[in-house]
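Which chain is which? The protein sequence lines are W and A, in order.
At position 165 of the first sequence the residue is numbered 169 (the numbering used here), and the sequence of numbers has no breaks.
At position 114 of the second sequence the residue is numbered 123 (the numbering used here), and the sequence of numbers has no breaks.
Since the hints were made in silico from the structure, they are not lab data.
Warning: the hint list may mix true and false statements.
[To be verified] Below, a sample of chain A positions facing chain W; criterion: calculated Cβ distance under 8 Å:
1) Val22
2) Leu26
3) Gly30
4) Ser68
5) Asp85
6) Arg88
7) Tyr97
8) Phe101
9) Gly113
10) Phe213
11) Phe247
[As the list claims (entries may be wrong)] Label pairs and their calculated CB-CB ranges:
12) A/Ser177 to W/Val237: 48 to 56 Å
13) A/Gly199 to W/Gln20: 15 to 23 Å
14) W/Val229 to A/Ser47: 33 to 41 Å
15) W/Ala217 to A/Thr16: 45 to 53 Å
16) W/Gln20 to A/His117: 55 to 63 Å
17) W/Leu196 to A/Asp180: 28 to 36 Å
[What the hints assert, rightly or not] Computed cross-link-like contacts, DSBU-like style, restricted to lysine-lysine with a CA-CA straight-line distance of at most 30 Å:
18) A/Lys63 to W/Lys29
19) W/Lys29 to A/Lys29
20) A/Lys29 to A/Lys63
A virtual CB, placed ideally from N, CA and C, is assigned to each residue, including glycine.
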Amino acid sequence: MVAATFVGETSILAGQAAWLAVRGKFSLRETIRQMAAMGVDSIPIIMLTCAATGSVLAFYVADVLVRFGGSGFVGGMIALSFLLELGPVLAGVMVAARSGAAVAAEIGSMVVTEQIDALRMMSVPPVRYLVTPRVLACILMMPICGLFADMAGIFGGLVMASTHGVTQSAFMESIRTMATHADLMKGLAKTLWFGLTIAVVACHQGLNTQRGATGVGAATTRSVVLCVVFIFVSDFFLAQALSGASASMR
Amino acid sequence: MSELHVTGVSYAVSDRLILKGVDLEVRQGEILAVMGMSGSGKTTLLKCIAGLIKPSRGSITVDGEDIVPMSEAQLDRVRLRIGLVFQYAALFDSLTVQENVGFGPLQHRTKTPEAVAELVGSLLADVGMPGTERMLPAELSGGMRKRVGLARALANEPGLLLYDEPTSGLDPVIARTIDDLIVETRDRRGVTSVVVSHDIPSIFRIADRVAMIDNGAIIETGTPAELRRSSDSRVRAFVDA
Ligand SMILES: Nc1ncnc2c1ncn2[C@@H]1O[C@H](COP(=O)(O)OP(=O)(O)OP(=O)(O)O)[C@@H](O)[C@H]1O
Ligand SMILES: [Mg+2]
């Protein structure tokens, strides 16, 4: 029952935001500001976490593969891991934790200080003023965040692998033979969905904040937990759907 | 400019009745003061009139249109004619004073940016805060925020103005200025005003009529002089305090 209400409400919110977006009823300036705040400012921390993860992955993988004569697979394995799975998911989790939380807290505090009511008194619908720019910004920035995540992860892997007996040129050659453009695109397609999910869930939690300062904290926490769970669960289904789609294209 | 009729309005939050069949009538250009104890439902009543919350029963007509059954989109159209001065200001804290006060005209593009800047300057002077355009709400005192909230409501040039305790927390000199501004706004543009207030001297200075709300119901309405002569003990307690 609670889940059904949640899915219903977030879908309606996403629909309203989309409808305003296609009619051009939103502030471009605010959207760009949000793209900077939600996306650009997240890129350093995304790159840091992905570079670390990429090098840890290479640390474990390179040893084993080199020992069993598979040093030609190290680069490709790490690249595929990042392009298809780790890049999009890690970028999504970082944006949910950083920007999703900030959005839920900001909108939540606007609820408890009656700023949302003040917007309504100015005949400015809160969905138009607050939700649409954030949803657009998050959808547009997530693939860019995903791209940086992929690059940082692969770079981290390359550096670590080179200290474990895999030369840089072997690493790159392996990527060229094993990974394709389609793999990159599949991963970036996931990030579009993650971007939509993060922004809509964060805005929904913020707008439904209960009165009082504890309400803002609760909304922020719920937003992060829901976003992260959604990213992992929907990733499972997206993986199936995207591989089905590319299989039928062949 | 506007006319307001509140008929049989009740409002309940989880089985608790906060408003119990409120009736009010405010004529064009009239200043009605609503007084009552803390927690008696004054803010709730103003929010119902502004369409921010939906009464569970009753009708509220602004210029002959019942706003109770309206959708949010229809309300947005009516709210262009209604201004609400929030009890705790409710300023947009990411925007400057200038952007707060000019918010309505800028969003709806009813004026050029230059005309808005000029309007903001004169409104800030009216509320006794000239030259504060560049400040952020966080840099203002409670009383200053309240006056910026008042200027923001006036900038939309509404026909119906709802003031939620406009002078509470202000020093007597500034409170007097705000009282004068409320009367002057009415005299200049003929706006209809509902002023919620605890401030008895201020009420008697500005109000054409006074309504006393107690525990979610209007227990008496009349001119200030009539309320002063009231025999109801609850009204007496308030007026004589
Ligand atoms: N969201 C809410 N949920 C539950 N009860 C509420 C809510 N808002 C107001 N109330 C209750 O409604 C009653 C009236 O509140 P309201 O804010 O209208 O009072 P008020 O007359 O404006 O008081 P004050 O002079 O202190 O501002 C109070 O008893 C309050 O406890
Ligand atoms: Mg109140």
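Minimum beta-carbon distance criterion (8 Å), A/Leu26 to chain W | 19 Å, violated
Confirm or reject the claim that W/Ala217 and A/Thr16 have a C-beta distance inside 45 to 53 Å.
-> 38 Å, violated
So the hint says 48 to 56 Å: do the beta-carbon atoms of A/Ser177 and W/Val237 match that?
-> Since the Cβ atoms of A/Ser177 and W/Val237 sit about 51 Å apart, the hinted range of 48 to 56 Å holds.
Close enough to count: is the Cβ of A/Phe101 nearer than 8 Å to one in chain W?
-> 6 Å, holds
Closer than 8 Å between Cβ atoms is the bar; does A/Arg88 clear it against chain W? Give me holds or violated.
-> 5 Å, holds
Identify whether the interface hint at A/Asp85 stands, where standing means a beta carbon of chain W within less than 8 Å of its own.
-> 4 Å, holds
Restraint check, 8 Å cut-off on beta carbons, for A/Gly113 near chain W | Hint holds; A/Gly113 Cβ to chain W Cβ min 5 Å, cut 8 Å.
Mind checking the CB of A/Ser68 against every CB in chain W and telling me if the closest is under 8 Å?
-> The hint is violated - A/Ser68 has no Cβ within 8 Å of chain W, the shortest such distance being about 20 Å.
Are A/Phe213 and chain W close enough, Cβ to Cβ, to be under 8 Å, as the hint says?
-> 28 Å, violated
Does A/Val22 pass the interface check with chain W, least Cβ-Cβ distance below 8 Å?
-> Not OK, violated: A/Val22 not within 8 Å of chain W, min 11 Å.
Starting from A/Lys29, check that the Cα of A/Lys63 is at most 30 Å away, please.
-> 14 Å, holds
Verdict for W/Val229, A/Ser47 (Cβ pair) under range 33 to 41 Å | For A/Ser47 against W/Val229, whose Cβ atoms are near 38 Å apart, the range 33 to 41 Å holds.
The structure is inconsistent with the numbered hints 1, 2, 3, 4, 10, 11, 13, 15, 16, 17 and 19, although it conforms to all the rest.
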